[in-house]
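For reference, each letter of the sequence shown is one residue, going 1 to 121 in our numbering.
Please note: incorrect hints may appear among the correct ones.
Per label pair, the in silico range of CB-to-CB distance [said to hold, decoys possible]:
#: 1; residue 1: Ser86; residue 2: Ala12; range: 55 to 63 Å
#: 2; residue 1: Thr84; residue 2: Leu24; range: 27 to 35 Å
#: 3; residue 1: Gln63; residue 2: Phe15; range: 56 to 64 Å
#: 4; residue 1: Ala16; residue 2: Gln63; range: 51 to 59 Å
#: 5; residue 1: Ala54; residue 2: Leu17; range: 55 to 63 Å
#: 6; residue 1: Leu58; residue 2: Gln38; range: 31 to 39 Å
#: 7; residue 1: Ala16; residue 2: Gln38; range: 29 to 37 Å
#: 8; residue 1: Ala50; residue 2: Ala80; range: 16 to 24 Å
#: 9; residue 1: Asn44; residue 2: Gly9; range: 46 to 54 Å
#: 10; residue 1: Val30; residue 2: Arg51; range: 29 to 37 Å
#: 11; residue 1: Ile18; residue 2: Ala64; range: 34 to 42 Å
Everything labelled a hint here was simulated from the structure, so no lab data went into it. Just so you know, even glycine gets a beta-carbon here, dropped at the ideal spot from N, CA and C.
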Amino acid sequence: MTSVRSERGAAAVEFALILLPFLLIVSLVVDVGWVFSQQQAVTNAARIGARYYAIHHLEPSAQADAEQRANDVATAANVAGPITFSYPSTCARRAGLDAHDDCDRTDDELDRHDSGVRWIE
Numbered sequence: 001m002t003s004v005r006s007e008r009g010a011a012a013v014e015f016a017l018i019l020l021p022f023l024l025i026v027s028l029v030v031d032v033g034w035v036f037s038q039q040q041a042v043t044n045a046a047r048i049g050a051r052y053y054a055i056h057h058l059e060p061s062a063q064a065d066a067e068q069r070a071n072d073v074a075t076a077a078n079v080a081g082p083i084t085f086s087y088p089s090t091c092a093r094r095a096g097l098d099a100h101d102d103c104d105r106t107d108d109e110l111d112r113h114d115s116g117v118r119w120i121e
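Given the sequences, and given the hints that come with them, work out the whole structure.
What follows is the structure, encoded as structure tokens:
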């Protein structure tokens, strides 16, 4: 009868020892899932903004509209924090010119040195 009495609290101790690692693993899975979800939402917002800008890049407000569309998508997906954007230099690198030369020349000068390839718009 003494052996049954000595094992009386063993189940509670075993439960306490297993509960903490189990809760840590569950919280880790939830946090990693949340981070992955946020990453996917930001990637999707960036894709939508970049696609809009690629199609409408000649419009005067294209840059602001692309940022607004991306922020709208991110807000709808409950992304924490603002989304910021960075753009490459507005000085276009064209055939036969260095990047430094582009910024010092006018559009007419750049067109004269252009390779002759034109976009159909």
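Quick rundown of the hints versus the structure:
1. Range check, Ser86 to Ala12: Cβ separation about 57 Å, and the 55 to 63 Å hint holds.
2. Between Thr84 and Leu24 the CB atoms are about 34 Å apart, so this pair conforms to the stated range of 27 to 35 Å.
3. In this structure, Gln63 and Phe15 meet the distance hint of 56 to 64 Å, their C-beta atoms being roughly 59 Å apart.
4. Between Ala16 and Gln63 the CB atoms are about 58 Å apart, so this pair conforms to the stated range of 51 to 59 Å.
5. For Ala54 and Leu17, the Cβ-Cβ distance of about 57 Å falls inside the hinted range of 55 to 63 Å, so the restraint holds.
6. Roughly 33 Å separates the CB atoms of Leu58 and Gln38, a value that falls within the hinted 31 to 39 Å.
7. Checked against the given bound of 29 to 37 Å, the beta carbons of Ala16 and Gln38, roughly 34 Å apart, stay inside it.
8. Taken as a hint, the range 16 to 24 Å holds for the pair Ala50 and Ala80, whose Cβ atoms sit roughly 21 Å apart.
9. The hint said 46 to 54 Å for the Cβ distance between Asn44 and Gly9, and at roughly 52 Å that hint holds.
10. Checked against the given bound of 29 to 37 Å, the beta carbons of Val30 and Arg51, roughly 32 Å apart, stay inside it.
11. Evaluation of the 34 to 42 Å hint for Ile18 and Ala64 yields a failure: the beta carbon distance comes to about 55 Å.
Consistency note: the structure conflicts with earlier hint 11 alone.
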